[in-house]
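J.: Protein chains in written order, with this note's numbering: chain A, 1 to 339; chain B, 1001 to 1339; chain C, 2001 to 2357; chain D, 3001 to 3357.
Check the hints yourself; a few may be wrong.
Under the rule of at most 27 Å between Cα atoms (straight-line distance), these lysine-lysine pairs were calculated in the BS3-like manner [what the hints assert, rightly or not]:
| no. | chain 1 | residue 1 | chain 2 | residue 2 |
| --- | --- | --- | --- | --- |
| 1 | C | K2148 | C | K2053 |
| 2 | D | K3232 | D | K3278 |
| 3 | C | K2352 | A | K235 |
| 4 | C | K2148 | B | K1036 |
| 5 | D | K3056 | C | K2200 |
| 6 | C | K2148 | B | K1060 |
| 7 | A | K60 | D | K3148 |
| 8 | D | K3053 | B | K1188 |
| 9 | B | K1235 | D | K3352 |
| 10 | D | K3200 | D | K3278 |
| 11 | D | K3278 | A | K63 |
| 12 | B | K1060 | A | K335 |
| 13 | C | K2241 | D | K3200 |
| 14 | C | K2148 | A | K63 |
| 15 | D | K3148 | C | K2200 |
| 16 | C | K2200 | C | K2278 |
| 17 | D | K3263 | B | K1188 |
| 18 | C | K2232 | D | K3263 |
| 19 | D | K3232 | D | K3078 |
| 20 | C | K2021 | C | K2078 |
| 21 | A | K188 | C | K2053 |
| 22 | A | K266 | B | K1335 |
| 23 | D | K3278 | B | K1063 |
| 24 | A | K63 | C | K2263 |
| 25 | C | K2286 | B | K1063 |
| 26 | B | K1060 | D | K3263 |
| 27 | B | K1335 | D | K3352 |
| 28 | B | K1188 | D | K3056 |
Restraint-style ranges between C-beta atoms, simulated for each label pair [what the hints assert, rightly or not]:
| no. | chain 1 | residue 1 | chain 2 | residue 2 | range |
| --- | --- | --- | --- | --- | --- |
| 29 | C | K2148 | D | K3021 | 44 to 54 Å |
| 30 | C | E2270 | D | M3009 | 40 to 50 Å |
| 31 | B | A1064 | C | A2357 | 50 to 60 Å |
| 32 | B | D1028 | D | T3018 | 45 to 55 Å |
| 33 | D | D3261 | B | A1064 | 19 to 29 Å |
Just so you know, the hints here were simulated from the structure itself, not pulled from any lab data. From the three backbone atoms N, C-alpha and C, an ideal C-beta is built for every residue, glycine too.
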Amino acid sequence: MTLAAERPTTESTTKVMTMAAALTDALDLALERDDKVVMYGEDVGVMGGVFRITTGLQGKHGKARIFDTPLTEEGIIGTAVGMCAVGYKPVVELQFGGFMYAGLDQIISHVSRYRYRSRGRWNTPMVIRFPYGGGLNLLEQHHDSPEAYLTHTPGIKVVIPSSAYDAKGLMLAAIEDPDPVVFFENIKLYRSLKEEVPTGYYTVPLGKARKVLEGDDVTIITWGAMVQTSLEAAKAAQQAGIGIDLLDLRTVSPLDLDAILESVEKTGRVVIVHEAGLTSGFGGEIAALIAEHALFSLEAPIVRVAHFDTMHSAFNPINHFSRPEPTHVADAIKKVLSS
Amino acid sequence: MTLAAERPTTESTTKVMTMAAALTDALDLALERDDKVVMYGEDVGVMGGVFRITTGLQGKHGKARIFDTPLTEEGIIGTAVGMCAVGYKPVVELQFGGFMYAGLDQIISHVSRYRYRSRGRWNTPMVIRFPYGGGLNLLEQHHDSPEAYLTHTPGIKVVIPSSAYDAKGLMLAAIEDPDPVVFFENIKLYRSLKEEVPTGYYTVPLGKARKVLEGDDVTIITWGAMVQTSLEAAKAAQQAGIGIDLLDLRTVSPLDLDAILESVEKTGRVVIVHEAGLTSGFGGEIAALIAEHALFSLEAPIVRVAHFDTMHSAFNPINHFSRPEPTHVADAIKKVLSS
Amino acid sequence: MPELYAPEMFQILAPDGTVNKPELVPDMETVEKLYRQMVRVRFFDDRLASLAKQNKMGTYALFGGQEASQVGSAMALKPGDYIAPMYRSTGACIAFGWEPRLAIMYWRGHPEGWRIPDHLNMLPIIIDIGAQFPHAAGVAMGLKMQGKPNVAMSWIGEGGTSQGDFHAGVNWAAATDSPAVFIIENNGWAISVPRAVQSKVDYLMRRADGYGIPGYLVDGNDVLAVHHIASKAVEDARAGKGASLIEQMTYRIRPHTTGDDPKAYRTEDEANDYITNKAPIDRVRKFMTDQKVWDEDREAALKLEVETEFAASLEAADNAPTPDPRALLEYAMVNPAPHLLRQREILEQRIKAVEHA
Amino acid sequence: MPELYAPEMFQILAPDGTVNKPELVPDMETVEKLYRQMVRVRFFDDRLASLAKQNKMGTYALFGGQEASQVGSAMALKPGDYIAPMYRSTGACIAFGWEPRLAIMYWRGHPEGWRIPDHLNMLPIIIDIGAQFPHAAGVAMGLKMQGKPNVAMSWIGEGGTSQGDFHAGVNWAAATDSPAVFIIENNGWAISVPRAVQSKVDYLMRRADGYGIPGYLVDGNDVLAVHHIASKAVEDARAGKGASLIEQMTYRIRPHTTGDDPKAYRTEDEANDYITNKAPIDRVRKFMTDQKVWDEDREAALKLEVETEFAASLEAADNAPTPDPRALLEYAMVNPAPHLLRQREILEQRIKAVEHA
Ligand SMILES: Cc1ncc(C[n+]2csc(CCOP(=O)(O)OP(=O)(O)O)c2C)c(N)n1
Ligand SMILES: Cc1ncc(C[n+]2csc(CCOP(=O)(O)OP(=O)(O)O)c2C)c(N)n1
Ligand SMILES: [Mg+2]
Ligand SMILES: [Mg+2]
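Looking at chain A on its own, in the form it has when it is part of the complex (with noise of 0.2 Å):
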């Protein structure tokens, strides 16, 4: 587990970035670093992406490092599939994550299995990249948070940072990564924060969470957007005296239990908040492994803050009541410490 006062201070030059700024960086500098990296997908190239994600990238590196292809997710996940067979490290993106099924079949069946059905013969360094969450009143499927799908699928890591720094690190550790990476980036994160990012080259290692606030009564366990969320929540739980361990996991797969045990060894009472719907949501594998590993800490039944099981819906008006909100977590706060 990594605080977020242990960043690197080698950089002496740091720039205010939001999250999509510095993700546009570390895409940059992974093109200039390795000339086996090449990104492509619906709209990268010309226009830079949705989100202007990959903006000037083209320009800056040529065509035939950042390009456009036809509209198939099957076709830009198995054709990267391919690619990494003559030895590249494609950066794919799809246009949003509830896209990402159209391509399931080539990540479940292909990019998650290759090396173990060649027996390393055939590796999938590739990192797969889409926007993901609600919260923008997009259109449907353009607000799905599809981490659950991957986390059950095995061989791939899964990275869903929470603040422009991460980003910028994990994006960075995910494309230098050996095995294949699924990079969620949030939309409603993408602008909406800034902070402080070295402006060179570091990485942020995949697999250690960052605690984002320390406290002795509630751990809460999150990621993506739900930091946020949580924060919010645990800010005003804090000014009313409960102390609340905040916990981002930065990546869902691998897993930092051992930062998960740790907390809830000393909190006894656990919160996890995720975007995603509740059941069979990765925060069921997070309490399975927490009833494993620490039940005797657990002084309080575990509570799951999440989306209603229903598609994330496109009712504008009210998709706050089922979308987690500040409001539900100190809920669940509540509750969690009521019994």
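Given the structure of chain A, go ahead and fit chains B, C and D with the ligands onto it with the hints provided.
T.: Below, chains B, C and D with the ligands without anything else, positioned relative to chain A:
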């Protein structure tokens, strides 16, 4: 929860059937009873399916009711959505659970959402059935157990029978059900077990677990072929004086949480067994629900027995080190009793 | 290998309003119907574009410029037929009978806009590109099995033709001889990606040959041509001749959605050229005026009519009751599973908390 | 619409061993190489079929009858080229350089058979139909980007042409002008489903037109024809002319896999007809004999050679050490995540328990 004993007695005639025969019987009755039921898929027509579950049905009911189609899972499932819109109840077969991924996009994005998205105007009361599970040394992907991809997908029901009697009754219930149902048929169980099955029409309700063994010390929660695997271990334990409550979930969605909690409150010790990979498997969700609803009944950490987090390998000579075996369940029983 | 035949782009009405194939011009009543519908849906699109600028819409996929393509095809259908629309098909949906009030509410994310009326054989609008084609194939197969004289029609963008579902759907309907009409609305762009990136072939309707069905290349800005070919495909389908694939060459003059800025990828000249030279509405008006069946008075009356209708639709949409949050858990299942019932309780608590706040 | 052209089935050697296109017969060394390879892989298939009957194999997908189709295409490749095989491509894989010993072990589920040798540009055998085509397209795109004079070749059954991945893969390679050769091995059947169910089109290679690439219809039982066309497609790809689609008409004379019984769906006459009239090996032998470059002695020597090779391969496979269960958790990740390390511990316990039992 239904005890095995509580079976319908109105039926005078029964016959000894394998699960395969019971399923054929159910499909035959459904075709006879409801002319909106149509069946299609790869090889289901002339040949009667690779496991011969639809054998004889085309001869009896005609090509208009059961027929072979182009080889495309996205097509089979996607067209079934359209067939529902004109009033049919398609009961489609995928050749193996591991080929469901090629049609998963249609399941996640459409089968599961069509009703919600149209606010009741369009329903998808289809059944998607397929063989699944390990142990027969077939090819890669022929042994996958993909239920957790579906339990995380809202709006669908997931049925996984473990006996001939249940298979028939659950299939008829699934076909009657107005919600979409994915029906798992274990390839090892197709012909390995026989029992008395009523020859007439009956249903087994979706969402009700079956108590296979009754005992006070340990609860084993499982489904599909793992019921047999667990039963072997449980019987040995019982002989050693350990009382086992063995729950066969029969449907993992809806989940019979009441039956689970009732048992856990009694035993305080839980083993969950499934054939799918461990991480984010449906066992995680069950453990999470127990940690939420019956935490203080637990006297020992919850133990999950599952396939390793790799593809279900085709390394025939050694797969049994990974796929749950009675000895693994026995180890888990020991473990859960030792704390 | 023998040479490929060169498909000709089917056109009845040239951009300047002159007639190429006089024998194929329908009766003037039909022409006027098509014209009125184009004006009506285009006005809808214009108004939604400006409502979006005022932040009074959610994200909306504009179809302006494609009104001939959408109206001409949808109006080839009859009661009992089905449509499987995509996000850009709002014009086709309205021409098919979707109330503008509901369309406005749909694009605002109001649950009552998402409710598809019982009488309307319109499948849900599909956002994930391609999926609608297997649905349409399934509907068509079902209609055939029932012996009904009806068809399913669906639309896809030229970008969408690269998707696996495009192939699975067209091939299925072809192989099963099902009454489906598949329309490629080639508007030149898939957001920022030009047509040429999608495929090496010159015309996407060439794919029809590979499925063993008729393929048509049509001037998608000529509503008479679109209507003629769509009607032919529909009638063939009704007559048991199976599926067809039509490519309608048109253009999206607007941003991809209300959130897009086309300056990032194309010149304004391109859109202006279209508006000046290929505008689908203008050419029909010119033709009708030449034929003396249309004049400024009629035009003014039509304008008033569509304005009035839209104003009433908008007012009704604006006045729709604030949605009940309980809609979030409706229709999740017919027989809700226990976990949904537990979530209903949580929802009730949240509703109560807000009411008491 | 203009008439479709009628593709002619390309053939060099007629079933009776007579030559149609003498100018296209390659030098006799090449003919002999192709012949020897066909005999070799067919013997492999025959032996695996009988080993399976003795329960000495796992499920195995037989390719007997398709030896010309597989050998003729795979032998058009050179070092540095890649193949993306499917489950029925074992003949192509062996012709490409896969050791028969490894192939036997692969089909027995021995982990060492699954290990693809470092020198062999053979992608993993794909079981889920269609997925190999996007992989091949990706390899081809990468080779082009690297400026390498190499190609990717992949095979699919005629049933597989209905899959979305077929479309996504061929269109991608076509659109990006990548050096890929896509081969449809049309063996008439997808398990029990006849060709006609898959599509309404007469020849699946017609789809090439819809992707803007060359399409070829070839007698897949004529190894000279297959080799000629595959070589042309390969050389065009090397020369920067992009992708091609070839349909090779052949026949699977055996069950679908060792677990299948074709009596459930087709007559024995059909297979017998093939064996009598279209057998790919016989016609080359007849031709070589007519040309006086082959005789019974050579045939006997070849038979001995392939028998000897196979016997050694089988013996080596039989003698392979029992696999170490630790293989189950190898290669799951390069840097195993903690949950995999926990599972390694469990595996060690299980291994210990068995050793102590
Ligand atoms: C499966 C899927 N992938 C990606 C997207 C994102 N997306 C929305 S519109 C669009 C371009 C579509 O172009 P085209 O098919 O030509 O239709 P048009 O928008 O021009 O009508 C893309 C890539 C999507 N909606 N669905
Ligand atoms: C995606 C997928 N769906 C279904 C299957 C099951 N299956 C195995 S072989 C086969 C028929 C394939 O026919 P074809 O493509 O013609 O190839 P052939 O076996 O004749 O070589 C089917 C349906 C599969 N392997 N993969
Ligand atoms: Mg377009
Ligand atoms: Mg075949």
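J.: Now tell me if each hint is right for this structure.
T.: Verification of the hints:
1. K2148(C) to K2053(C): The hint is violated at about 45 Å.
2. K3232(D) to K3278(D): holds, 24 Å
3. K2352(C) to K235(A): holds, 24 Å
4. K2148(C) to K1036(B): holds, 15 Å
5. K3056(D) to K2200(C): Given pair K3056(D), K2200(C) is violated - Cα atoms ~48 Å apart, limit 27 Å.
6. K2148(C) to K1060(B): holds, 25 Å
7. K60(A) to K3148(D): holds, 25 Å
8. K3053(D) to K1188(B): holds, 21 Å
9. K1235(B) to K3352(D): holds, 24 Å
10. K3200(D) to K3278(D): OK: K3200(D) and K3278(D) at ~25 Å, within 27 Å.
11. K3278(D) to K63(A): Violated, because 49 Å separates the two Cα atoms, which is more than 27 Å.
12. K1060(B) to K335(A): violated, 59 Å
13. K2241(C) to K3200(D): Within the cut-off at roughly 12 Å; holds.
14. K2148(C) to K63(A): Roughly 52 Å between the alpha carbons, so the hint for K2148(C) and K63(A) is violated.
15. K3148(D) to K2200(C): holds, 22 Å
16. K2200(C) to K2278(C): holds, 25 Å
17. K3263(D) to K1188(B): holds, 24 Å
18. K2232(C) to K3263(D): Given pair K2232(C), K3263(D) is violated - Cα atoms ~44 Å apart, limit 27 Å.
19. K3232(D) to K3078(D): Since the Cα atoms of K3232(D) and K3078(D) sit roughly 13 Å apart, the hinted pair holds (cutoff 27 Å).
20. K2021(C) to K2078(C): Roughly 25 Å between the alpha carbons, so the hint for K2021(C) and K2078(C) holds.
21. K188(A) to K2053(C): holds, 21 Å
22. K266(A) to K1335(B): holds, 25 Å
23. K3278(D) to K1063(B): violated, 33 Å
24. K63(A) to K2263(C): Distance ~19 Å between K63(A) and K2263(C) Cα, so the pair holds.
25. K2286(C) to K1063(B): violated, 54 Å
26. K1060(B) to K3263(D): Distance of about 19 Å is within 27 Å: holds.
27. K1335(B) to K3352(D): Answer holds: K1335(B) to K3352(D) is near 17 Å, not above 27 Å.
28. K1188(B) to K3056(D): holds, 20 Å
29. K2148(C) to K3021(D): 44 to 54 Å: For K2148(C) and K3021(D) the Cβ distance comes to about 52 Å; the hint holds.
30. E2270(C) to M3009(D): 40 to 50 Å: holds, 46 Å
31. A1064(B) to A2357(C): 50 to 60 Å: Given a distance of about 59 Å, which is inside 50 to 60 Å, the answer is holds.
32. D1028(B) to T3018(D): 45 to 55 Å: holds, 54 Å
33. D3261(D) to A1064(B): 19 to 29 Å: The hint (19 to 29 Å, Cβ to Cβ) holds, given that D3261(D) and A1064(B) are roughly 26 Å apart.
Violated hints, listed in ascending order, are 1, 5, 11, 12, 14, 18, 23, 25; each of the other numbered hints is respected by the structure.
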